[in-house]
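Student: Fit chain to chain and form the complex, with the hints in mind.
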Amino acid sequence: MPWSNQNGGGPWGGGGGGKGPWGGGGGQQPPDIEELLRRSQDRMKKIIPGGSAKLLLPLIVIFAAFVWIATGVYRVQEGERGLELTFGRWDNLETMPGLRINWPPPIGHTEIVNVQKSNRVDIGFRGGEAESRSRAAVRNIAQESLMLTGDQNIADIEVRIAWRIGDPARFLFNIQNPESTVKVAAESAMREVVGQTPFTDVVGEGRGLVEQNTLNLLQEILDSYETGVIIEDVQIQKSRPPAQVVDAFDDLQRAEQDKERLENEAQAYANSIVPEARGDAQRMIQEAEAYKEQQIQEAEGEAKRFLAVYDAYRVAPDVTRRRMYLEAISEVFGSAEKVIIDSDAGGTGVVPYLPLPELQKRRTTGKPAESQ
Amino acid sequence: MGKALAAVVIVVVLAAIGWTSAAYTVHQSEQAIILRFGEIEKTVSEPGLYFRYPIADEIVMYEKRILDLDPPPVKQLLTDKKTIEVDAYARYRIIDPLVFFQRVRTYNTLEDRFGKVVNAALQRVIAKVDLSILLSDNRDDIMQQITQEVEGQGGSFGIKIIDVRIGRTDLPPEISQNVYSRMSTDQERKARETRALGAEQAKIIRAKADRDRTILLAEAQRQAEILRGEGEAERNLILGDAYGRDPEFFDFYKSMQEYRKSLAGDGTTMVLTPDSDFFRFFGQETRK
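Protein sequences, first through last, are from chains A and B.
Those letters in the first sequence? Residues 0 to 371, by numbering that gives the first Met the number 0.
Those letters in the second sequence? Residues 0 to 287, by numbering that gives the first Met the number 0.
Warning: the hint list may mix true and false statements.
What the hints assert, rightly or not - Below, computed lysine to aspartate or glutamate pairings styled on EDC-like, alpha-carbon distance capped at 16 angstroms:
#	chain 1	residue 1	chain 2	residue 2
1	B	189	A	257
2	B	207	A	262
3	B	159	B	95
4	A	182	A	231
5	B	189	A	250
6	B	260	A	330
7	B	115	B	67
8	A	116	A	77
9	B	81	B	129
10	A	182	A	222
11	B	207	A	264
12	B	189	A	259
13	A	182	B	69
14	A	237	A	121
15	B	159	A	225
16	A	182	A	219
17	A	116	A	232
18	B	41	B	57
19	B	202	A	264
20	B	202	A	259
21	B	81	A	150
22	B	189	A	246
23	B	80	B	173
24	B	253	A	326
25	A	182	A	121
26	B	189	A	255
27	B	189	A	249
28	A	116	A	79
29	B	159	B	110
30	A	237	A	204
31	A	182	B	67
32	B	260	A	301
33	B	74	B	84
34	A	303	B	233
35	B	202	A	262
Unchecked claim - Covered stretches of chain A, going by a simulated chain B footprint (3 or more residues, C-beta under 8 angstroms):
#	stretch
36	150-158
37	211-224
38	250-260
Calculated from the structure, these hints are not laboratory results.
Treat the numbers as computed from the prediction; the structure is a model and nothing was measured.
For each residue, glycine too, the CB sits at the ideal point set by N, CA and C.
Looking at chain B on its own, in the form it has when it is part of the complex (with noise of 0.2 angstroms):
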């Protein structure tokens, strides 16, 4: 091996050391703090390529991307004395890495710390409210004004709150049961009432076609009595006309017939005195 070889890899391998150790790049989605043995030396927003003191300076990355932060949910009673569970959560960005370094540090305890924030101002917020007016729409100017609330106090901790918004609004299990309960019976007073109200209407199509059975029938009587009489007095009229032209032969005439109608056949005996209204023309005749 020669020297100068030696030397080349040297040189290269030194090279690309101090390249490593010196040159770092900041991503679009980040932002960084460099710290000079551990002092605060700048603040690196701009994404791009650049160049450090190596060993002397620390370099501390954040996000410069929209974060989440999603406290744990909260119990609170609102004005109509009913629990509720809220979880919130907020979206922020970091806009002074400077503040949030040394304020929180780390993603987690700002988490911890401004969730608590977070969730104050929510608790603040809707224990003013009861129940209905958290589920109106009532829901965004709520959500307005704890994301006011919170707003004020980001720029503390070097972030900005974009916003506030209520995820899942629960009522606790107890009272859950009672809402259930409450649809129960209310489910089953309405199936009643439409039971109800089916043999309702049952009741009136039977009574109504009971109604048009009976009427349909007396004015089918009516009209068969009118056209019964006018037979019977068409019928009078008829024979009276006929009968009246001699009523005296009329009466012997229909004696005859009834005579015959009546008394003719088999097995009639008759116990009679000859002076009975039957004889009268029997008594007549012979006596002539």
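Next up, chain A with everything else stripped away, as it sits in the complex (with noise of 0.2 angstroms):
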């Protein structure tokens, strides 16, 4: 006959079925109890031992008892909080970390619930971290993750939510599927949230703007069917358009490189080009410069030579003037080739005699007449 801690009548029981184990652990005879059993018989309808009968029905009665009070104790663990009901019923009792007792099974009953840890409710794609071990991949779920946009786009949004329980008793007595209740009302609330914002926010700097806006909604719809709930963060894991657009959408962000890439090109010939002309225009500039100077100089130098000379001629006129003659006379004669035709012989009579080479040098590098 196996004797365990049973619940249920636990003392009646192992007072009844006391016969086996006391006959094995104790050491007495069978005989004895049923001796004791036939005298009891005589006094009394039930257990209670004759004077001189053995105490021992009495001590396994209540040792029973306390074996089975003791399975009223219960632990509750640090970041946990334990409700204790009586016959299903509970009376405010919620009690902290550490060794607590409440009534045995079948007239009490403890849940013990963890206000501590963070659970998370993924919308839009599955996988991560949670589920790593047998699936690396994260799964887009496009059913959940495709949802309208104000301006009735679509944007492909996941998003990862995290809760804790804030009220162990309206978690547990209020709301029946507290998880799945907290999902639905994620993505009722995410779609409400991306129903009305605009498509670029949805996809661009947006998003903190929609992830507290979903925050705040679902804490309050959470809050109207008393969960117990307390929202902990709202996370947009990925944000972005669709994937049957997305071709398009690149080709926007490359369109805007182009554009910058050829605004830099631009500005760098921009940049090339003007010093370089600055350069050029300073060096015309100091060109004429110099080129004014140097026709002061010169005509300085030409003037005071003409001076000097002219005081010198004013002293002697004449012969200077002769003299000043002869000597440019007889360097340009000294060493030219001369025909000197009389004007009566000359003109035309002599002209097509002359060599045409000695003319064309003389044109070419005589340089007549370039001044007066």
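Tutor: Pasting the structure below:
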């Protein structure tokens, strides 16, 4: 006859079935108990041991009762709360971490809830670290992740929501499927917020605001159900254009880069030619200044020279003049070939016999009539 | 085995059977209906320990907590001729288990029958709006309206509707396709515009740079011409001042210089007549 820490009428069963263990463990003989029972039957209907009879039976009863009560002991771990129910009813008994005791099983029952653990709900995808050992890849669930935005576009959004139990009693006694409620409400809230936000904000810089609004709305919904759930965080994991249009969006990105590139190239061109032009301009001005200075200096030199010669000339005009003339003439005629034709005989008669190359040479090298 | 022991065992076993068949607990999250021979006897809505007549009384337990009701999605044509697929869900609580028992008995039956009520209300309400309203702030009002429509009918099922919310709002695949192509073309338009703007900017920058260069050079040219002019003017003044002292001598002096400069050197062949201008002085001097 197996004897365990049974419940439900434990003490009675313990007393009634006490024969086996008592016989084995106690070392007493079975006839004794039969005798005892016979005697007790004489006196009372039930177990009231006789004076000289053994005190064992009550001891067994007390021991069994103690064991039974001990099954009401439970432990609340750090971060948990225990909710003690008596006959299924909860009388606001919430216990903090530690070793606690409630009524033993058929009477009492204790629900233990972790109020610190952060739970996750994913919308639009499955996988990630939680299931990484089985499948590392994150799967997108298009049915969940595609959402209509405020301007009637469609965005592909993956959200992870973290929540924890804030009020264990509400969480346990007020809502049947808190986890699925969080998920459904989160999806509804997310879609409501995205439905009021333009596409560019949803996939762009408005994400933070979408997260914040969703968190607030979701908390509001869950509070209205009195779920006792606290939303810790709403995090948009991915928010992008749907796969069908992603090429067009990428092309726009490229276009923006192209634009920047074109502008940069043009700017580089501008940066190279303007300074060069400034340099050219400076060169032109400097050259002109140099020319001006040159003109002045040369003119002054020439004037001084003339005046010097003139001053000397005035001392003896006639002689000087003739001397200058003769010097010039001798210099000119000294090295030149000379053909002198009388004006009466010259003109048309002689010119045809002149060698053409000589004339050509004279024209190119002699530079006649440049200055008067 | 003594008779006494047997008697005790029997008593105990009977007591245990009696206890388990008569006593029942109603959990904090439950409520119960007691049926006596199939007739409704009473409802028990407070948790705790209760007793019944074994065999005669049957217990039907219902949730007291908030329950889900998630009817299948419905398609509805909106006023802007767009068909959308909407998935609504409701949260409810059984407030009158008797009525609930009489009307639907099981959660599944309720899901089926009340789900239709919810969907009908949903369709009625959203048929009056267009998509932009459904996506706007008015979504909340729409959900309120649906909740109100449904609330009244909840009583006849013994339930209280906490709220009705719209979950997914999806366009049917063919319309989604249109949206995608619109989004694509929109992006393409923007891309083209962006590239064109880039080209525009680039041209503006280049043109401005070219203009700057031209202006810089022109200004420099102007300044250079002025400087050259100043230089030449100065030269003329200086020379004029010097030569003006004796124009006749200047004539002679300059001529001599020019003769030397232009005629001196090898290879010059002179074809001259004695009475040419070159020999003006030659002639004069020889005649003297």
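Student: Go through the numbered hints given earlier and state which of them the structure violates, listing their numbers in rising order.
Tutor: none
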